[in-house]
Amino acid sequence: MQEMLLTGIFLLVLFFLLGSGVWVGLSLLGVALTGMLLFTTRPAGDAMVTTIWTTSSSWSLTALPLFIWMGEILFRTRLSSDLFRGLAPWMNNLPGRLLHVNIAGCALFAAISGSSAATVITVGKMSIPELRRRNYPESLIIGTLAGAGTLGLLIPPSIILIVYGVTVNESITKLFIAGILPGIMLALLFMAYVMIVATLKREHMPPSEPARRWRERLQESLYLIPVILLIITVLGSIYLGIATATEAAVLGVLGSLILAAVMGDLTRANFVDSLLGATKTSSMIMLILAGSSFLSLSMGFTGLPRHLAEWIDSLQLSPLTLVLALTVFYIVLGCFLDGISSVVLTMAVVEPMVRQAGFDMIWFGIYLVVVVEMAQITPPVGFNLFVLQGMTQHQITYIARAALPMFFVMCLAVALIVAFPELAVSA
Amino acid sequence: MRSLLDRLYLVCGALAALFLVAIALLVLLSIIARLMSWQLSGLSNYAGYCMAAASFLALAYTFGQGGHIRVTLLINRLQGGRRRLAEIWCLGVGFFMAAYFAYYSIKMVQVSHLIHDVSQGPDASPLWIPQLSMALGTTVLAIALLDKLIAVLRGAPVETAASLVD
Chain E
251 MQEMLLTGIF LLVLFFLLGS GVWVGLSLLG VALTGMLLFT TRPAGDAMVT
301 TIWTTSSSWS LTALPLFIWM GEILFRTRLS SDLFRGLAPW MNNLPGRLLH
351 VNIAGCALFA AISGSSAATV ITVGKMSIPE LRRRNYPESL IIGTLAGAGT
401 LGLLIPPSII LIVYGVTVNE SITKLFIAGI LPGIMLALLF MAYVMIVATL
451 KREHMPPSEP ARRWRERLQE SLYLIPVILL IITVLGSIYL GIATATEAAV
501 LGVLGSLILA AVMGDLTRAN FVDSLLGATK TSSMIMLILA GSSFLSLSMG
551 FTGLPRHLAE WIDSLQLSPL TLVLALTVFY IVLGCFLDGI SSVVLTMAVV
601 EPMVRQAGFD MIWFGIYLVV VVEMAQITPP VGFNLFVLQG MTQHQITYIA
651 RAALPMFFVM CLAVALIVAF PELAVSA
Chain H
501 MRSLLDRLYL VCGALAALFL VAIALLVLLS IIARLMSWQL SGLSNYAGYC
551 MAAASFLALA YTFGQGGHIR VTLLINRLQG GRRRLAEIWC LGVGFFMAAY
601 FAYYSIKMVQ VSHLIHDVSQ GPDASPLWIP QLSMALGTTV LAIALLDKLI
651 AVLRGAPVET AASLVD
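The listed protein sequences correspond, in order, to chains E and H.
Under our numbering, the residues of the first sequence are numbered 251 to 677, in order.
Under our numbering, the residues of the second sequence are numbered 501 to 666, in order.
By construction, these hints were calculated from the structure, which means they are not laboratory data.
Do not rely on the hints blindly, as some may be mistaken.
[Said to hold, decoys possible] Covered stretches of chain H, as calculated for chain E (at least 3 residues, CB under 8 angstroms):
1) 551-558
2) 603-610
[What the hints assert, rightly or not] So these bits of chain H aren't anywhere near chain E, every CB distance computed over 10 angstroms:
3) L504
4) V521
5) Q631
6) V652
The structure displayed is predicted, hence computed values, not measured ones.
Ideal Cβ positions, reconstructed from N, Cα and C, are used throughout, including at glycine.
With the rest of the complex left out, here is chain H (with noise of 0.2 angstroms):
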């Protein structure tokens, strides 16, 4: 189970750098079709596609990492038993928070399914289709926030909380 759910944010993390990549390659492919004058439409709309997908699919393997900033002032101040209470605090509130995120998503996805909802944009791509990252994303951040939870409360070590990024 501990391999398998490592595994999963893995995987989505690398699949989320893939769709930076994409992004890279889309916006050049652009560049190259204005230089040749092809007619290529919805590439910017594919790109934002992607730029959901590289974000939300991440989400996960950045949590893990300890890569989402949070304000440390307090917390780190705490030591113990009630350092440990407030992480139970903060990682509870987080999968709440990251699970009601995910529910609503994935209704999205089903709504935009449903009616059939497509892109206004040139792309005329089924909303549902790109709408999935977000869905799957959010879904799996919440997983990793509820196993974290759950470690933390069978009496898992609280790291401090640092944040070296801006």
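Chain E with its partners taken away, still in its complex shape (with noise of 0.2 angstroms):
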């Protein structure tokens, strides 16, 4: 009975703390906290700083902010027109035509960048505007974007799934790899509603492009092979073996570097902003980590996960039944918290009770990634919505609305991959 009351106080301060806007780092610093001193007479400072040190030290943490960095080198450059030009002739024949260019755009780019921010930025910077030249139906130019954009988590390499495999101690390397097929597989979704949704509205499409010989085609196309280099040197290294995630993001960083010089945008000031910049994100994103692992820490003295887990063990749930339940929390959670700080503040419960359940962890991490990226596209809190809404000047409501679509689509994704659970794993 006294456990029961000391977890709904604790509960309470967690809720309370995030809740009324302190910062999500220091929120579950001061979440652990109250749980040791509620829990254990263990000295609770102490405790916090070890667990925090060797965390922040850690070896495979180290891709972070080179992933980071890569990024923002390359969202400097003009990568994104290039990407427009080369995927352009291409798209031209399928039903919806250019609106694929959003989707293939942002495939390409997610390969080489972690975070969908970034990816949803840097396409959108070169398709909005021609797209919106050619008269596409606005909504579809945005929720194509805002669906695609997610890709960026999905298909490594991926920040959020270095998170996740440094909270529950994976290979990130295993699960960037168990991330391009469903990846690939979401992108192919996000097409097909496109074709679906042109054949079906086909008055308001706008008339193709001027036919182009193939010859051409393959000209422009020569745009893509910055792009198509620096993807396989990333992921060609880690598929291949040779390289680890943490020196694959070192070979993306030079390669991004000698892309930027070789193009001409890198300029004494787009290098220290792009550092700066990288330094800032994964700042941010390390004082979460440094909150979340006192909070595993301490939740592991408040038996909260190993009750929650035994409880869900002794309701005999079918694993679907669980997948479905964790969807909803997720989507629900995605409501108030970013992609990030859902993983890392759940994980400290989730992970016992999905190993109880006798989940993959490497088939889960890649589920949960696309069940967190959908909650990023639904109002109220959604970076993706944010980002759009920076860049059209639209109602987020209105951003929501065009990018329902893509979420229903996205939950066909995960259906597909609770059902084919042999698509996201590492062979």
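Now that you have both chains on their own, put them together as the hints suggest.
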């Protein structure tokens, strides 16, 4: 009985600190401290710094700032216009035409970027004005971009998969490899959706671009070479097993710097800005990770994860029911928190539960990323929506409505990943 | 005083950025070492220390730039005095946690120094040296939060909390 009361207080503190707007990382530290004080007599402060130091000075985390930096460098080049030029001639003959550039562009950029915001911005910077000029339906321009932007986190490299891998102690390389197929599948599902809508609403679609000869098309495709070279360097080296995620990340940074230099975009200001931007983003994530590592420790003392795992176990839920319940849970959570925070905040409790249920943790990571990303295109808190709001000046409600069909496409993707788990396991 | 503090945050942020470059160089070195089959041990430990330094030293700079995320759903609906009160609460709690973190980080450095704690890895570094980055970074974060708290208490305007990163 007393334990119930303490658990109640603990959860109340958690919701109150987070909800009242205290910075996420610091909230987690506060909640964890409360847990330590309520449930154990161990010296909280010393345990806190030891845990945080071990987590934050770990080698496997170094891939994180490097991939962020790589994205920051590429963001400051003319890569986005090159992507558009290279992809456009190939998409012209599909129903939905250049709308597919949004999706294919996001999928390609996702393979060199670890964040969905960076993916949306880089692709949208060029495609939004170009597609608007050609009178494509606005809701489809924005919807496809919001949806396909989530590929940034699913197709490796992926910041959130690194964070997940470090949190649950699973191989980042394996997670990266497992993310490739579901990522491609999701991109194809988005494209299929666009084709269906474009066929049904033919009258809303702009006319075809002038047909290009194959020679011309190939010529335009040359613009894709830098991106493809980078993808081969980064993903190829991971996939072939010749580089760890961190090593691939540093090769990516090097490649991006060379690319930026060749394109003439590697100014001193760009270099400094990209470096400071990466420092800032990774510091933000590290504060959350620091908080969550202490929270995991503290959660262990509260016994909450163990009780919950036992309780779930006693319910004898089918794996399908559990997955369904978790999906709803993460979508609701995503109404208040961003993807990384949702993952690290819940892992301390969810990890024992899903391990107990016998899920493969690599598969679960991929499933989790798709579900968490679904929450990022639903209001009120959805980072992809915020990014698009900044870029298009539309109301958030308008953008959310435009993105809604993509949400359902992602539901379908989750169902497929659940139905065919072999999609998301690394060989 | 004002410019001195701002410079402190900036210098720590710049130091953090240098440590990020150091991570890249160390990883690059380890790749080259492997290709050339040089025997360089402990590189991954050093990269880990740089990781900690890059993260912690940038905390205050990131805070100053509005880079740390928070749940803004409720506070952005508050107006005027209530919004200010909420901000004071957040900054107060934030300062307390950062100061608590800083206090124990400093204590950790002292203890590591006192008992000559060395890394378990092949680098065998005395741990108090890399741990300094955590002590310094969290202390500066606590200062930045206190700095902001005092400013808001004195009537500085509270800007809309926005976070645009993932």
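Which hints from the list above does the structure break, by number from lowest to highest? 4, 5
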